[in-house]
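Note that my numbering has the sequence shown beginning at 1, numbered continuously upward.
Because the hints were derived from the structure by calculation, they are not lab data.
Please note that the accuracy of each hint is not assured.
To be verified - Computed cross-link-like contacts, SDA-like style, restricted to lysine to any residue with a CA-CA straight-line distance of at most 20 Å:
{"no.": "1", "residue 1": "K35", "residue 2": "D67"}
{"no.": "2", "residue 1": "K31", "residue 2": "L103"}
{"no.": "3", "residue 1": "K35", "residue 2": "K17"}
{"no.": "4", "residue 1": "K13", "residue 2": "A43"}
{"no.": "5", "residue 1": "K13", "residue 2": "P62"}
{"no.": "6", "residue 1": "K100", "residue 2": "G46"}
{"no.": "7", "residue 1": "K17", "residue 2": "Y88"}
{"no.": "8", "residue 1": "K35", "residue 2": "A58"}
{"no.": "9", "residue 1": "K90", "residue 2": "L14"}
{"no.": "10", "residue 1": "K39", "residue 2": "K17"}
{"no.": "11", "residue 1": "K13", "residue 2": "H28"}
{"no.": "12", "residue 1": "K90", "residue 2": "K39"}
{"no.": "13", "residue 1": "K100", "residue 2": "R10"}
{"no.": "14", "residue 1": "K17", "residue 2": "L30"}
{"no.": "15", "residue 1": "K13", "residue 2": "V70"}
{"no.": "16", "residue 1": "K13", "residue 2": "Q24"}
{"no.": "17", "residue 1": "K13", "residue 2": "E101"}
{"no.": "18", "residue 1": "K35", "residue 2": "L14"}
{"no.": "19", "residue 1": "K31", "residue 2": "S20"}
{"no.": "20", "residue 1": "K36", "residue 2": "S20"}
{"no.": "21", "residue 1": "K90", "residue 2": "Q24"}
{"no.": "22", "residue 1": "K35", "residue 2": "N79"}
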Amino acid sequence: MTERTTRFERSYKLAAKTTSETAQAIIHVLKNLPKKVVKSITADRGTEFHGWIEVEIALEIPFYFSDPGVSGQRVTNENSNGRIRRTYPKGTDFSRMIQKETLYFLLIVIHLVCPDFSIQKSRYRNR
């Protein structure tokens with residue numbers, strides 16, 4: 001998941017790309033963040049997001065869906081996905097990757113390559 005204004009990334013390895021697994025992962029990743037940080041969620045229309053009501057209730061925030069075929073409504077997320085795909089092409093088997101490796105990937109590959117991150121990191125550190 002990517003926060004739109006700061007480009008802050010959160011990642012969680014799913015055992016399976018199912019509706020309930022995705023909903024539980026979203027809740028797990030976002031539940032301890034301050035309410036003022038997470039104001040809404042916007043997802044694509046993939047079947048893994050059909051548990052959106054569970055997420056809305058658990059986090060008490062609105063859950064939106066982008067219009068089909070309009071990737072510009074999720075441009076920050078699409079940019080992050082592109083950076084991920086440069087390292088892990090579609091069809092990559094993630095079954096052997098552990099959660100710690102996904103966090104390492106976000107730190108090294110995503111954040112150190114993203115020029116805005118060093119600025120944004122200092123904003124979070126001072127709060």
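Going down the list of hints, with the structure as the test:
1. K35 x D67: 26 Å, violated
2. K31 x L103: 18 Å, holds
3. K35 x K17: 27 Å, violated
4. K13 x A43: Within the cut-off at roughly 17 Å; holds.
5. K13 x P62: Roughly 23 Å between the alpha carbons, so the hint for K13 and P62 is violated.
6. K100 x G46: At roughly 26 Å apart (the allowed maximum being 20 Å), G46 and K100 break the hint.
7. K17 x Y88: Cα-Cα ~17 Å, so holds.
8. K35 x A58: 12 Å, holds
9. K90 x L14: 16 Å, holds
10. K39 x K17: Roughly 24 Å separates the two Cα atoms, so the pair is violated.
11. K13 x H28: Judged against 20 Å, a Cα distance of about 11 Å means the pair holds.
12. K90 x K39: 30 Å, violated
13. K100 x R10: Since the Cα atoms of K100 and R10 sit roughly 12 Å apart, the hinted pair holds (cutoff 20 Å).
14. K17 x L30: Answer holds: K17 to L30 is near 18 Å, not above 20 Å.
15. K13 x V70: 26 Å, violated
16. K13 x Q24: 11 Å, holds
17. K13 x E101: Holds - the C-alpha atoms of E101 and K13 are around 9 Å apart, at most 20 Å.
18. K35 x L14: Roughly 24 Å between the alpha carbons, so the hint for K35 and L14 is violated.
19. K31 x S20: 16 Å, holds
20. K36 x S20: The hint is violated at about 26 Å.
21. K90 x Q24: 24 Å, violated
22. K35 x N79: With Cα atoms ~25 Å apart, K35 and N79 exceed 20 Å; violated.
Checked against the numbered hints above, the structure breaks hints 1, 3, 5, 6, 10, 12, 15, 18, 20, 21 and 22 and satisfies the rest.
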